[in-house]
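Protein chains: 2
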Amino acid sequence: MKFAQRTVKTSSAGLDAIFAASGPNVISFAGGYPDATLFPEHAMQAAFSESFAQHSGSLLQYSTTAGYLPLREKLADRMNRRDHLNLKADDILLTQGAQQGIDLTARLLLDKGDGVIVEGPTYIGGLAAFDAYEPTYYEVPIEEDGMDITKLQKALMQHQVKLIYTIPDFQNPTGTVMSVEKRQAMVQLANQYDVVILEDSPYRDLRYTGENLPTIKSFDTEGRVISLGSFSKILAPSLRLGWLTAAPELLAALTALKAAADVESSHLVAVAVDTFMNDNDLDAHIDAMKQVYQTKRDAMLNALERYMPKDVHFNHPDGGFFLWLTLPEGFDMQHFMTAELLPEYNVSLVPSHHLYASKSIENGARLNFTNVSEATIESGIKMLGQALNDALHPAQVNQI
Amino acid sequence: MKFAQRTVKTSSAGLDAIFAASGPNVISFAGGYPDATLFPEHAMQAAFSESFAQHSGSLLQYSTTAGYLPLREKLADRMNRRDHLNLKADDILLTQGAQQGIDLTARLLLDKGDGVIVEGPTYIGGLAAFDAYEPTYYEVPIEEDGMDITKLQKALMQHQVKLIYTIPDFQNPTGTVMSVEKRQAMVQLANQYDVVILEDSPYRDLRYTGENLPTIKSFDTEGRVISLGSFSKILAPSLRLGWLTAAPELLAALTALKAAADVESSHLVAVAVDTFMNDNDLDAHIDAMKQVYQTKRDAMLNALERYMPKDVHFNHPDGGFFLWLTLPEGFDMQHFMTAELLPEYNVSLVPSHHLYASKSIENGARLNFTNVSEATIESGIKMLGQALNDALHPAQVNQI
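Keeping their order, the protein sequence lines are chains A and B.
Residue 29 in UniProt numbering sits at position 29 of the first sequence; the count goes up by one each step and never skips.
Residue 307 in UniProt numbering sits at position 307 of the second sequence; the count goes up by one each step and never skips.
No wet-lab data here; the hints were simulated from the structure.
Some hints here could point you the wrong way.
Since the list gives no way to pick one copy over another, a pair counts as held whenever it fits inside one copy or between any two copies.
Derived DSS-like pairs: lysine-lysine, alpha-carbon spacing no greater than 25 Å straight-line [what the hints assert, rightly or not]:
hint: 1; residue 1: K151; residue 2: K74
hint: 2; residue 1: K2; residue 2: K154
hint: 3; residue 1: K359; residue 2: K290
hint: 4; residue 1: K151; residue 2: K359
hint: 5; residue 1: K382; residue 2: K310
hint: 6; residue 1: K151; residue 2: K2
Start from the sequences and build out the full structure, keeping to the hints where you can.
What follows is the structure, encoded as C-alpha cells:
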C-alpha cells in the first residue's frame, strides 16, 4: 500500500506537533483562536431557530454549490461598501472557511512542480494545502510593509511561477500589513508575468489602529486576483463558512472543483448566517470585538516592553491575531520551546521553523493575543521574558 | 493563466449539465435528493437550540480535525451493532458528506496515472473527485449481484492498480447490491494485489426488502478497506456531515489531508447531530423513512410494469434511491432526453453516458424514486413510457 507522493509531504507538515503544545496548565500563545467569550451565542441560536421556522421544506435539503444567494448578495454588498469593489452575488462562491479557498485555488492551477511564491514566513495551513499539489516554492521575505517587492520581481524574472500567495492584511504569522504601493506593484507584476494572485484576508475586518488600505483585488485589471474571506474570525470558526471571489472563468472552474471536493457547503449554516445578518448588525459586533482585541494587543505590547530582553525584537501590528518575535541570529526557537519554555515554564508559542516553506529560519516566533486574558498575557509574557533571558544571557540567571 | 491539467478534466465532467435538467414544470427523476417532507425539522431545530444552551463557550469555537468525540463514539457503536464490527471512536474521521471521503482517499493514494478500478456505471461525483488526481481508470461492469469479479481479477492481473472504488449497497446509479461472495472475493483480491478498497455506502441503512449483507469492511483482514458513511440520506443533506473509517495509519494520513483541505468539519453541526441522536431514535426515524421510500419504489416498479415497452428492461432494487433502465443496444439515451423527453414531455432522468468512466454506454438511465410523489411517479413514468414507445416503435404511435 503506497501513498501518493503528495501525501508523504503533507503529512509531515507538522501542524499537529505545533498545536498539540497546549494542555490545561499551559499558557498558550500558540493557537490562532478567537476569544470564545465574544461569540454572539444567543443571537446565533436565535438565527438558527428562525431559519428552521422560515425555511421549512428547504433548509435541510441540498442547495447549490455556489451557495445561498441572499448571503452571497450580502457579502457582495459588504465588500463593495468596505472595499469600493463592484461585485455581484455571482462573483462569489461559499467555501469551508478560507482554508478551502486555498485548497481549491491550488487544485485549479498547480500541476506537480509548478512555481508558487509564498511569503516568508507564511500561514502554515497554506503550505499544508499547497503541499498536496507538490509545487515548487519560491519564498519571498516579508518586510515591515509586506512582501519584498524587489525580490518578488527577481523571483518572477528567474522562475516559471503560476501563483503568488499573500496575506496582505495583518498577516499570519507576522501581523504585517502590505503597503498600498506594494499592492499595486504586485498586481502590475502579476499582469507582466501572467501570474494569479491569491489574496487571503481573513483578518481584514480586524483593524485596531490606523486606516484600512485598499484590497489587492481593487487594483486587479485583468481578473487575476482570487480573494478569500471568512466568518471564522469575525463571527465563529465552527460555522466553517468562508467565501471566495474571482473573475467569472476562474470562479466557474473553482465551483466545479468544489462540487467534486464536497458537493457544496452547508445550506443550513449559510441560511442561519444570512438570518443573523438580517437580524443583527455584524459591523457593530465586529466593532465590539475589536475593542477587546485592541486592549489585549496593547496588554501584550506593554508586557513585551517590560519583560523582553533588549536583544529580542517584536513588532506592533495594527490588527489581526498575531505579532512576531525576532531573536538574535542563531537562536533555535523550536529547541527553546520544546526543551525549556514548555516543560519548565508551561508557556507555548509557534516557533518560526514550520512557518517558512524553506524551513530555514529558526530565530522567530508567532504570538497570539486574542485567545488569552489580559492577566494571562501579563504572567505568560513575564515568564517568556525570564525564559528568554535565561537562554540568551545565562550569566544573569543567578542574579535574579 | 493556465489551469492545471486536472482542472481541465474535472470541469468537463458534466455534472451541471445533468442536474440543470430540472425546472418548475419538469417531472425530474434525475436528482439524487431525499424527500424533503421526511426531514425531522422540529427535532433538528430543538437539537440546535439545545446544543447552544448546553455547549456555551465551546460550540462556536474550533474543535479538532477528527471531530466531536461523542458523535464518533455513537457512530462506532452504531456500526458495531449494525455491522458486527469492532470500531472505536478513534477509528472514525468526520467529513463533509461522503463526497469528501472520496476526495481525501484519492488525494491519499493517487499520483497522476495511477490505476483506479471503478464500477461501470458508477457515481458521477466519484468520477469528478477522482478526476482531480488524474488517475487511469479501469472500468469493471456491474452485474445483478455487483461488480463482475472475474473481470475485476483480470484487471488486477493486467494492470497496476492502487484503488478499487465500489458502492456495494444499493449502488448509485443502478440500485444493485453486491453479494456476500463477491464482497469476500474482493477483499481477497485486494490482499493479493496490494490494493485499497474504498467502500462508499451512503444508502446502506435504506433497505426496504431482503436482508442486510455484511459490509466489505467486515471481511477486511489487512486494514485495506476505507468505508464511507453519510447523514445526507438518513437525516439531512444540508448538514454536510459524513464519516470515514480506516485502519490507523491510513486514518492518520487522511486526517492530515483533511486538515489541509478545510481544517475540520463544523463542530456546531456535529454537536447538534449528536444531540439529535441523544434525544431521538435515529433508527425509528430511518424506519419511518423506509416505509415511505418503499411505497415510492413499489409505485415506480408498478408504473414501469404497466407503461414500459417490452424491450425496455428495469431492475428491482431492494433499497436506496435509484433503479436502472436498460434500453436496446444502439439506443442513445442522452440524445433521447435532450431532444425528446425533456422538451416534449417535460420529464428528466440521468442518461448513462456520464455515469461510465469510459463514456461508452449510451443505452441506460438512472431513475430516482425518492424525491417524487406517487402521483408524479405515475404520470411521469406514463409519459416516459409513451416517449420511449414513440422513439423505439414509431409505427405504433398513431395507434395509442
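With identical chains treated as interchangeable, where does the CA-CA distance between K2 and K154 reach 25 Å or less: within a copy, between copies, both, or neither? Answer is between; shortest inter-copy Cα gap is 21 Å, intra-copy 39 Å.
Within a copy, between copies, both or neither: where do K151 and K2 come within 25 Å Cα-Cα? Answer is between: at 24 Å across copies they meet the 25 Å cutoff, but 39 Å inside does not.
Measure nothing new, just compare the shortest in-copy and cross-copy C-alpha distances for K151 and K74 to 25 Å and report within, between, both or neither. Close neither inside one copy (38 Å) nor across copies (53 Å); limit 25 Å.
Using 25 Å as the alpha carbon limit, work out where K359 and K290 are close: within a copy, between copies, both or neither. Answer is neither: 33 Å inside a copy and 55 Å across each miss the 25 Å cutoff.
Intra- versus inter-subunit Cα pairing at 25 Å for K151 with K359: within (18 Å within a copy, 48 Å between copies)
Pop the pair K382 and K310 into one bin, within, between, both or neither, using alpha-carbon distances up to 25 Å. within (14 Å within a copy, 85 Å between copies)
Going down the numbered hints, you'll see the structure goes against 1, 3, while the others check out.
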